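Participant: Listed here are the chains, written in short residue letters.
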Amino acid sequence: MKRQPLTEIHAPCLVLPADNIDTDQIIPARFLTTTESAGLGRYAFADWRENPDCPLDDPRAGDCGVLIAGDNFGCGSSREHAPWALLDFGFRAVVSTSFADIFRQNAHKNGLLTVQLDPEAHRKLLTSPWEDVHIDVVGCTVTLSDGSEYQFPLDPFAKHCLCNGIDELAYLLDFEAEIMKYEESRTS
Amino acid sequence: MTQVPSTLFDKIWERHVVARGVDGRPDLIYIDLHLVHEVTSPQAFAVLASRNLPVRRPDLTMATMDHSTPTEPMDIAGGWSGIDPQAAQQLQTLCENCERHGIELFGPGSTHRGIVHVIGPELGRTRPGMTIVCGDSHTSTHGAFGALAFGIGTTEVGHVLATQVLLQRRPKTMRVVFDGPAPVGVTAKDLALAVLSRIGVDGGTGHVIEYQGPAVRDLSMEGRMTLCNMSIEAGARAGLVAPDATTFAYLRGRGEIPEGTEFEPMVQEWRGLRSDDSAVFDKEVVISCQELAPMITWGTNPAQAIQVGGELPILDDGNREAFAYTGHAPASTLLGSKIDVAFIGSCTNGRLEDLCAAAEVLRGQSVAESVRMLVVPGSETVKRSAEALGLDEVFRAAGAEWREPGCSMCIAMNGDFVPPGQLAVSTSNRNFAGRQGKGSRTLLASPETAAACAIAGEVVDPRRFLSTTGGVR
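In order, the protein sequences belong to chains Y and L. Count along the first sequence starting at 1, add 1078, and that's the number in my numbering. Count along the second sequence starting at 1, add 52, and that's the number in my numbering.
Keep in mind that the hints were calculated from the coordinates and are not lab data. Bear in mind the structure is a predicted one, so any value in this text is a computation, not a measurement. Worth double-checking, as some hints may not be accurate.
Listed next, the stretches of chain Y that the computed footprint assigns to chain L, with coverage defined by at least 3 CB atoms under 8 Å from CB atoms of chain L [as the list claims (entries may be wrong)]:
| hint | stretch |
| --- | --- |
| 1 | 1090-1102 |
| 2 | 1150-1156 |
| 3 | 1178-1189 |
| 4 | 1192-1206 |
| 5 | 1241-1254 |
Straight-line C-alpha distance at most 25 Å; calculated BS3-like pairs for lysine-lysine [to be verified]:
| hint | chain 1 | residue 1 | chain 2 | residue 2 |
| --- | --- | --- | --- | --- |
| 6 | L | Lys335 | L | Lys490 |
| 7 | L | Lys224 | L | Lys63 |
| 8 | L | Lys63 | Y | Lys1259 |
| 9 | L | Lys335 | L | Lys63 |
| 10 | Y | Lys1237 | L | Lys390 |
| 11 | L | Lys335 | L | Lys224 |
Here are some chain Y residues pointing at chain L (derived, C-beta under 10 Å) [stated by the list, open to error]:
| hint | residue |
| --- | --- |
| 12 | Ala1124 |
| 13 | Asp1125 |
| 14 | Arg1127 |
| 15 | Cys1132 |
| 16 | Pro1133 |
| 17 | Asp1135 |
| 18 | His1159 |
| 19 | Leu1165 |
| 20 | Tyr1228 |
| 21 | Phe1230 |
| 22 | Pro1231 |
| 23 | Asp1233 |
| 24 | Pro1234 |
| 25 | His1238 |
| 26 | Lys1259 |
Where is the CB? At the ideal position from N, CA and C, for every residue including glycine.
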């Protein structure tokens, strides 16, 4: 059940500059009656894509592997359908100044990288739509085509799992003895 | 050796560490209660099936159906006619998964079915000091009991099903102190919206919030649930209120909790679940209670809230899109804005006390001709209790629809929704663009405010409709 390791991303970026993009925007609730996790990319930002100016329907959007979004991306519900939809659309990373906690966890568990930049670097990326971006997951850097490079923080365990395609469930199952010991300690 | 003062959060966390994270790894935290519903579980059960894994502790797992269930009465065959076929399949999948793994399910026809965060407490499953998770962000609700309760994604639902533990980074702590009692007419929902308007939609990110102060102590358990419920709207995965006499009175004899002499040792243990006086929090916020009033949101996130009679903010870059979507005029007032829908229900305000409060306002009054009002009890138990009090008659007589339990118009995935462009006053928790239906516009408020607005057909200060003896509830 090993996932594909994610060590670097080299792709054009798509910019959605709005702040506080909530998971209801990423995938509206009316699409959540599915029992599948595959094929949700067609519902990504479904309500936004009715606007003719929406960059997600630009012919270039299909090649974009990086989403640059405003502050506090992924707030709201715990629906993992949000990262599933973004990944299926083609994104491998989302860049913002901050992420909601549950979204960040859900993203990393599915191999979608979250890149948290300081506001100045973030502003630069917000104004660089369609530009090629290079992300080094191991070194935690984002590089633009003009050579400017920015560092980002990444939880060491999340990085370990992303870079090595670690399956966290298998990791947890290895703790069976500790879990049993804990349960015994509580009943005694 | 002197004991380091610790917070309520620290105490619960420490008791649940199965394995301490070393070399930069997160802690492994044991989960005491796992709540499951139809929307975020099928893919997790599928992972277990693909790996041939059992559910490790079905006895610590409890399932219900709420999100995609219709709120129309069931037909005589015990099914929902007119249900969306995909929703029906999702419900069926949950039935099969629970059957296969021996998980208790409050399914169609169950007298205890209801919104997951309403029935956990109601059945006495939610208890102080527990760790509780659910594939739903409003799991924070259960923090009202002094339980560490937080929402998880579907991958983590699978982790808990298979192992009963979660890999978690220890969050930071934040204390929100209400510096006095709440003024008359200010409800738990107003306290929650006041906190949000103060700290913003990301003010609690990375933190667990503990609510303290007289206004919190004065709240009933139901009010505390409303307050903790909306912690996630500030980005905090969990909210906490330390258990006290109000908590113990609620729990005594509830469900399988004993009420006699066996209950006392439980209380003794729960009394220790409080933050030490000198405990240090990573962040502190003090809310001045004197200035509080009934609140209402105007924008497209729950922190865009004002006092009902207050002035909307002036236009700026941060709110331009919210004003464009909602159509309200900057620097004006919401008072007098015509509403189309009033919705009472959800895990935020769908409990008996909420329905009582709305019914008090509506008794002998009529919902305005132009308004559709939907009252959706949070559970079968809430519904029965409300009907025993005759509240259904009050709602019907006023012209409101009295529905079956479920999440309904809060998330609008069961066929109940606010049509495009319409303005709804809702007691739910999110006013995101399209949350209550594509193109819907939402004003979040308390049950009292929603009921008052329904009568007036426009946004009004609910205190016009409240008896002068009303206070915090």
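Participant: Each hint needs a verdict: does it hold in this structure or not?
Facilitator: Status of each hint after checking the structure:
1. 1090-1102: holds (count 5)
2. 1150-1156: holds (count 5)
3. 1178-1189: Held - the stretch 1178-1189 of chain Y has 7 residues with a Cβ nearer than 8 Å to chain L, which meets the minimum of three.
4. 1192-1206: violated (count 0)
5. 1241-1254: With 7 residues in contact (Cβ-Cβ under 8 Å with chain L), the coverage given for the stretch 1241-1254 of chain Y holds.
6. Lys335/L to Lys490/L: This hinted pair is violated, its Cα atoms lying about 37 Å apart.
7. Lys224/L to Lys63/L: Holds, at about 13 Å.
8. Lys63/L to Lys1259/Y: holds (20 Å)
9. Lys335/L to Lys63/L: holds (18 Å)
10. Lys1237/Y to Lys390/L: violated (51 Å)
11. Lys335/L to Lys224/L: With Cα atoms ~8 Å apart, Lys335/L and Lys224/L stay inside 25 Å; holds.
12. Ala1124: holds (9 Å)
13. Asp1125: This hint holds: Asp1125/Y lies near chain L, its Cβ roughly 5 Å from the closest one there, short of 10 Å.
14. Arg1127: violated (12 Å)
15. Cys1132: violated (14 Å)
16. Pro1133: violated (15 Å)
17. Asp1135: violated (17 Å)
18. His1159: Nearest chain L Cβ about 8 Å off; hint holds.
19. Leu1165: violated (13 Å)
20. Tyr1228: violated (21 Å)
21. Phe1230: The hint is violated - Phe1230/Y has no Cβ within 10 Å of chain L, the shortest such distance being about 16 Å.
22. Pro1231: Where the cut-off is 10 Å and the nearest Cβ of chain L is about 12 Å from Pro1231/Y, the hint is violated.
23. Asp1233: holds (7 Å)
24. Pro1234: Since the shortest Cβ distance to chain L is 4 Å, the answer is holds.
25. His1238: holds (8 Å)
26. Lys1259: holds (8 Å)
In this structure, the hints that do not hold are numbers 4, 6, 10, 14, 15, 16, 17, 19, 20, 21 and 22, in rising order.
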